[in-house]
Amino acid sequence: MASNGQTTTTLYKQTLLTGLWRENPVFRLLLGMCPTLAVTAAVKPALTMGLSVIFVLLCSNIVVSLMRNLLKPHLRILMFTLTIATFVTIADLFLKAFVPRMSETLGPYVPLIIVNCIIICRAEACASKNNLFISIIDALGMGAGFTLALCVLAGVREILSTGAVWEIKVLPAWFVPWAALSMPAGAFITLGLLLGLVNVISKKRT
Amino acid sequence: MSKIKHFIEQSWLLIIASFFFGLLIATANTVWSPRIEQNKITKINNLMSGLLPKAEKFELAAELQIKSSKGKKVKSNVYEALAERQCLGWAFNCEGPGFADKIELIVAVDKNFEKFAGYAVLASNETPGFGDRIKLSYYRQQFVGAPIGKLEIAKTGDAEKIDSEIVAISGATVSSEAVIKIINSFVVQVKKQMQEKGLIGNGK
Chain A
1 MASNGQTTTT LYKQTLLTGL WRENPVFRLL LGMCPTLAVT AAVKPALTMG
51 LSVIFVLLCS NIVVSLMRNL LKPHLRILMF TLTIATFVTI ADLFLKAFVP
101 RMSETLGPYV PLIIVNCIII CRAEACASKN NLFISIIDAL GMGAGFTLAL
151 CVLAGVREIL STGAVWEIKV LPAWFVPWAA LSMPAGAFIT LGLLLGLVNV
201 ISKKRT
Chain B
1 MSKIKHFIEQ SWLLIIASFF FGLLIATANT VWSPRIEQNK ITKINNLMSG
51 LLPKAEKFEL AAELQIKSSK GKKVKSNVYE ALAERQCLGW AFNCEGPGFA
101 DKIELIVAVD KNFEKFAGYA VLASNETPGF GDRIKLSYYR QQFVGAPIGK
151 LEIAKTGDAE KIDSEIVAIS GATVSSEAVI KIINSFVVQV KKQMQEKGLI
201 GNGK
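If you're matching them up, the sequences are chains A and B in order.
Note that the working numbering has the first sequence beginning at 1, numbered continuously upward.
Note that the working numbering has the second sequence beginning at 1, numbered continuously upward.
Bound conformation, chain A alone (with noise of 0.2 Å):
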């Protein structure tokens, strides 16, 4: 019986951790790549997207987890997609009204978080066949692993092109900002150079 318990913890543990490292949803599985691109040139607006991407996920998880007994098989991405444009639509509004500024740093990204592989991919690949509880670790899970990697990009994009981080100056004076960063070239130099390190870091742990 203990045992039993050690197995779904261990289940559960690595569920979670999955999302962060093993199959993060950026560096490993390369999902999500138009917010990845678009919305780390600054801290902020990085952790806003991930945020609203983990509330997004893991409702549609829920909803998907759900109903899955219920699912027809030939229609069952319409019900993935109708499920995520509802939640990415409450989020949208939400932004509109309690954070306007942001929803407009923001743009048309978090409308086309509908269109975001990461949420589709983990409606069909783990909430439609497994039970409520591992569909809604698997969302936090896979949610926290794009926002850890959404700021990590974001961090080093926003330090480098400004010489600050969450508008906070970090870099002494002398520093001259590489304002290229904060572009959508900076944007593809930077995540291919942080795909290399997480692959020599994945090589080196094996």
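Since the hints were derived computationally from the structure, they do not count as laboratory data.
Any given hint could turn out to be false.
[Unchecked claim] FRET-style restraints, in silico, Cβ to Cβ:
#1 L24(B) to V99(A): 47 to 57 Å
#2 Y138(B) to Q14(A): 49 to 59 Å
#3 S137(B) to L51(A): 24 to 34 Å
#4 N125(B) to L29(A): 27 to 37 Å
#5 E23(A) to N125(B): 32 to 42 Å
#6 N125(B) to M33(A): 14 to 24 Å
#7 L78(A) to Y138(B): 50 to 60 Å
#8 V176(A) to E160(B): 40 to 50 Å
#9 G22(B) to L193(A): 37 to 47 Å
#10 N125(B) to I77(A): 42 to 52 Å
#11 E160(B) to A185(A): 31 to 41 Å
#12 P172(A) to A100(B): 31 to 41 Å
#13 K70(B) to L75(A): 24 to 34 Å
#14 A185(A) to I153(B): 24 to 34 Å
[To be verified] With a cut-off of at most 30 Å between alpha-carbon atoms, the simulated DSSO-like pairs for lysine-lysine come out as follows:
#15 K40(B) to K44(A)
#16 K70(B) to K111(B)
#17 K96(A) to K5(B)
#18 K102(B) to K96(A)
#19 K96(A) to K70(B)
#20 K135(B) to K96(A)
#21 K96(A) to K72(B)
#22 K135(B) to K44(A)
#23 K169(A) to K111(B)
#24 K111(B) to K129(A)
#25 K44(A) to K102(B)
#26 K169(A) to K70(B)
[Stated by the list, open to error] Listed next, the stretches of chain A that the computed footprint assigns to chain B, with coverage defined by at least 3 CB atoms under 8 Å from CB atoms of chain B:
#27 28-37
#28 54-62
#29 65-71
#30 193-200
Positions of the beta carbon are idealized from the N, C-alpha and C atoms, including for glycine.
Position chain B relative to chain A; hints supplied.
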């Protein structure tokens, strides 16, 4: 009959889910839409207050239909800036194409529609570090006090000299020019329609 049964069997979950999700969105929209509307009004008011700081309040004076540079009809709300019941100036919204996306501006002018009081960016998606410098005071200050009429762009010149020649932002000529085109196309039409409505004099 069997067709209807088949249809219901296949789609009942989709129909119920659509109804439930629709209800959820409608509730969220009903609860938050007054706040969203208020946020928009607050933003426009803040921008107008920044352009005409002496104004105590702004009252909607006219809702005009302006032909944009692309030939599309655009609604432009004209607000009257008031202080002690006296008109201090006018502010109106305008829009047009920028380098990356549409640029929306709030333009303020004096009470006689003779000089600009400045402009502020309501929404834009210009290139960060380059085109988005149209939001900075370095560029915007050139419009304060400039005569109403056709503004012209200059690649070099004295940015501190206030006249109808506006010195472009280095590295963002397209965005600089876009702002001037938008203002030029709107200000003439707004002034004309305001004169027709008798809200301002004919300047004769």
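**Request:** Assess, step by step, whether the Cα of K102(B) is no farther than 30 Å from the Cα of K96(A), and give holds or violated.
**Result:** Since the Cα atoms of K102(B) and K96(A) sit roughly 19 Å apart, the hinted pair holds (cutoff 30 Å).
**Asked** Is it true that the CA of K96(A) sits at most 30 Å from the CA of K5(B)?
**Response** Status violated; Cα separation ~43 Å.
**Asked** Is K169(A) within 30 Å of K111(B), Cα to Cα?
**Response** Measuring from Cα to Cα gives roughly 43 Å; hence the hint is violated.
**Message:** Can you tell me whether the CB distance of L78(A) to Y138(B) sits inside 50 to 60 Å?
**Reply:** At roughly 52 Å between Cβ atoms, Y138(B) and L78(A) fall inside 50 to 60 Å, so the hint holds.
**Asked** Do the Cβ positions of N125(B) and I77(A) conform to the proposed distance bound of 42 to 52 Å?
**Response** violated, 31 Å
**Message:** Looking only at beta-carbon atoms, does the pair L24(B), V99(A) fall within the given range of 47 to 57 Å?
**Reply:** violated, 21 Å
**Asked** Under the criterion that the straight-line Cα-Cα distance not exceed 30 Å, is the pair K135(B), K44(A) satisfied?
**Response** Judged against 30 Å, a Cα distance of about 20 Å means the pair holds.
**Prompt:** Is it true that the CA of K169(A) sits at most 30 Å from the CA of K70(B)?
**Reply:** violated, 43 Å
**Item:** 30 Å Cα cutoff - pair K135(B), K96(A)
**Value:** With a Cα-Cα distance of about 22 Å, the restraint between K135(B) and K96(A) holds, given a limit of 30 Å.
**Asked** Straight-line Cα separation of K44(A) and K102(B) no greater than 30 Å?
**Response** Roughly 24 Å separates the two Cα atoms, so the pair holds.
**Asked** Are Y138(B) and Q14(A) spaced within 49 to 59 Å by their CB atoms?
**Response** Holds, at about 55 Å.
**Message:** Need the status of pair K40(B), K44(A): alpha-carbon distance at most 30 Å?
**Reply:** holds, 21 Å
Figure legend: structure checked against the earlier numbered hints; hints not met, in rising order: 1, 8, 10, 13, 17, 23, 24, 26, 27, 28 and 30.
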